[in-house]
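Novice: Protein chains in written order, with the working numbering: chain D, 1 to 399; chain P, 400 to 728.
Hints are computed from structural coordinates only; laboratory data are not their basis. Be careful, since some hints might not be right.
[As the list claims (entries may be wrong)] Pairs of lysine to any residue residues, derived as SDA-like cross-links and limited to a Cα-Cα distance of at most 20 Å, are as follows:
1) D/K127 x D/T22
2) P/K476 x D/A43
3) D/K127 x P/S433
4) P/K476 x P/V516
5) P/K627 x D/A43
6) P/K476 x D/G256
7) D/K127 x P/V516
8) P/K476 x D/S116
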Amino acid sequence: MRNVGIIGLGQSHFVKSRTDVTYPELVREGAQLALDDAELTMADIDAVVVPLAPDALIGIGNGERWLIEAIGATDKPLMRVNNGGATGATAVEAAWMHVASGMFDVVLVAGADRVSESMSAQSVLNKMWDVAYERPYPQNTITMLAMSAMRYNHLYGWDESDMARVTVKNRRHASLNPHAHLRAEVSVEDVLESRLLSWPLKLGDVCPSSTGGASLIVASQEYIERTGRTAAWIRGLGQNTETFWMGDRVGDSHVGDHADADALAVAFRHAYDQAGIVDPKTQIQVAEIYAPFSSVEFHVIEAAGFCGQGEAPALLAEGAFHLGSDGVVVNPSGGTQCTNPIAITGTVRVIEAATQVLRRAGDRQVANADVAIASAIGGDHQFYSTFVIANHLDPIGTR
Amino acid sequence: MSEELIVVLTSGHHAAAERVDDRSLEELIFASTSAAISMAGLTPDQVDAVVISGNDQTDGRIISCMVTVGAAAGVGKNVTTIASGPEHAFTYAVMRLLAGQGRNVLVVGWSKPSESVEPEHAELVSADPFYVRPIGMTRQIAAALQASVHAAPAEAGTDYLAWPLVAEAGGGHSDGVCALILEARDSADRRPGAVVRGMGWAMDRYELGDRDDLIAGGFDSALQQATKQAGPSFGPVESVDAFAVGPSNERRIVERVVARIGSPDTAMHSSQDELNPDFAAGLFAIWRAARRVMPDAQPQPVARAAAVATLGFAAQGTTVVLLSNATEV
């Protein structure tokens with residue numbers, strides 16, 4: 001199997017809405033940033049992977065067919081990935097697969113999203129549920145994660161104040177990230193006093209609807225060495241899938257608890273095994289994890305192996321996971337909670353992880369960041385993608 | 400491609416009907432995937448990964464893979480939805496195996512427009528909102544525009560679906576699923592199966608008026624990729640299976656393939672007498688081509704076969720897959 005590295009990174013400055021560009025132009029924006037970063041042109045790109053899901057949010061089906069001219073991909077192999085919210089990360093895995101297979105040397109992941117263009121993202125996202133059983137609740141991404149948060153708090157004894165601390169941390173981190181959408185710092189009180197959406201989730205706990213483009217370029221080790229480039233190496237990756245049916249995640253015969261992210265833990269284990277990580281607490285410095293709501297961050301931290309189930313809130317309250325703290329720093333970019341362009345949110349997680357190990361993160365840089373993880377979640381905690389990214393190809397050691 | 404590793408298409412199941420009223424989409428997917436897995440001598444637990452393809456708008460769900468993945472044997476596995484087309488799902492599955500990610504992979508593509516109130520509307524919203532959607536573009540109208548480039552003037556009294564496509568020309572809606580099992584094997588392994596020797600895929604510009612080639616977008620690039628991978632030892636293909644919307648469109652593509660990598664004896668197999676459910680038809684063509692190189696093929700197996708399939712309005716994209724029997728490797 002070939003080693004694969006990331007050699008170009010590009011992302012927009014994310015905002016709620018962009019009326020100055022079409023969807024193809026927005027994809028072009030991110031792609032051009034990555035090409036410029038890698039000092040490449042589209043002539044150097046062997047194949048393209050487009051993350052796009054759900055395409056209803058941009059108002060056109062199979063939007064990847066619309067952007068061929070805009071990114072200069074005419075006559076190039078191009079395919080589109082759609083794994084719900086995990087799409088942006090799954091697209092990176094797909095690009096890795098292109099190169100690791102030996103068929104291609106340089107592959108571009110190019111995507112964008114404009115969630116606010118749908119007018120009501122939650123109305124669109126309600127349609128992802130089963131027609132007969134779950135859509136009539138009405139179920140949407142807020143109510144589904146509200147139930148997960150209730151279950152987590154019930155099982156482990158935490159409450160809304162613990163969730164609010166996640167927001168405070170992520171907003172502080174986002175204030176240092178020029179690409180982040182929500183950059184204003186907030187207090188625990190601000191979050192607790194914000195508008196209730198679906199108990200226990202409040203406006204301060206949830207992500208925004210973001211618009212922007214994001215791209216990255218992966219290449220084979222042979223290409224990277226031949227052209228004398230620096231790379232963030234993809235050392236491990238994993239994917240796993242949970243059952244769709246929420247009823248199978250509660251009750252006496254459940255196959256996985258809605259409070260936890262057991263299937264994500266399996267995906268992390270796959271990536272760790274491939275990368276040779278045996279102790280994530282000491283071998284990983286940065287975690288760019290997909291947690292659109294404050295409550296989600298806890299069980300992703302736990303699934304990543306940074307602490308035991310139900311322990312993350314106490315550690316956060318003690319100062320763990322913050323920039324400048326000892327141990328792993330979680331979402332130094334501000335994470336998905338501060339920027340969520342759904343189709344490319346997973347791509348941004350990988351971009352941020354790569355940015356950290358390349359020591360290019362500016363004010364949000366984690367000291368001594370050699371190894372980072374990235375993850376994404378699609379559906380109702382159903383599709384999981386995980387990555388281990390490092391700035392070297394040596395065996396991964398401990399701090 | 401890797402010298403020591405080959406990818407072999409070992410089993411498949413496809414089913415199609417003009418309209419299936421007694422089973423849901425998930426039940427159709429479950430039936431085909433179960434059959435393909437069983438015919439490969441596997442159990443669902445032994446499937447290493449799943450690659451699926453469908454269309455959210457046609458399926459009537461914003462993220463269709465959420466509810467369909469269970470029926471496609473995906474729970475607890477690495478699942479990737481390749482939404483640009485089922486033939487892309489196939490090429491991605493091959494790449495997975497070449498990258499050393501498991502020993503087998505299940506590929507599934509489907510469409511069940513009979514569950515949709517107005518399937519043409521799902522096609523219409525796949526048209527860009529500024530130029531193409533206002534003129535009412537669907538895949539049949541796009542195929543008619545494509546065919547019109549080479550068509551004779553309309554004949555009075557003919558029942559045109561959209562000139563020059565006649566009503567019986569096919570390209571209409573149908574329900575169906577195709578599930579295939581691919582395995583990674585050592586190149587010395589001579590067990591039966593269709594060996595994937597080369598593949599290529601590419602897309603042309605979106606706007607029809609901007610295209611240089613209205614027969615098959617990206618055809619030259621796709622064929623070049625496939626033949627390069629197959630290498631110079633890969634001889635002329637003895638049969639070609641194709642899928643395109645509209646008989647004249649498909650015939651022109653097949654003729655191109657034969658002219659470039661076939662011989663005067665190459666058999667050309669049309670899909671126009673078969674049902675071609677969207678997001679499964681490309682896999683149907685690949686599976687038909689694969690069966691022709693398998694030892695039990697009737698009337699007799701061929702050594703080398705090609706599949707070519709198109710996707711998008713007026714064949715915006717083309718995929719070429721070259722296959723051979725195991726002894727050809």
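Novice: If a hint holds in the structure, say so; if it doesn't, say that too.
Specialist: Cross-check of the supplied hints:
1. D/K127 x D/T22: 24 Å, violated
2. P/K476 x D/A43: 36 Å, violated
3. D/K127 x P/S433: Roughly 27 Å separates the two Cα atoms, so the pair is violated.
4. P/K476 x P/V516: 33 Å, violated
5. P/K627 x D/A43: 19 Å, holds
6. P/K476 x D/G256: Given that 20 Å is the threshold and the Cα spacing comes to 15 Å, the pair holds.
7. D/K127 x P/V516: 15 Å, holds
8. P/K476 x D/S116: 32 Å, violated
Checked against the numbered hints given earlier, this structure breaks hints 1, 2, 3, 4 and 8; the rest are met.
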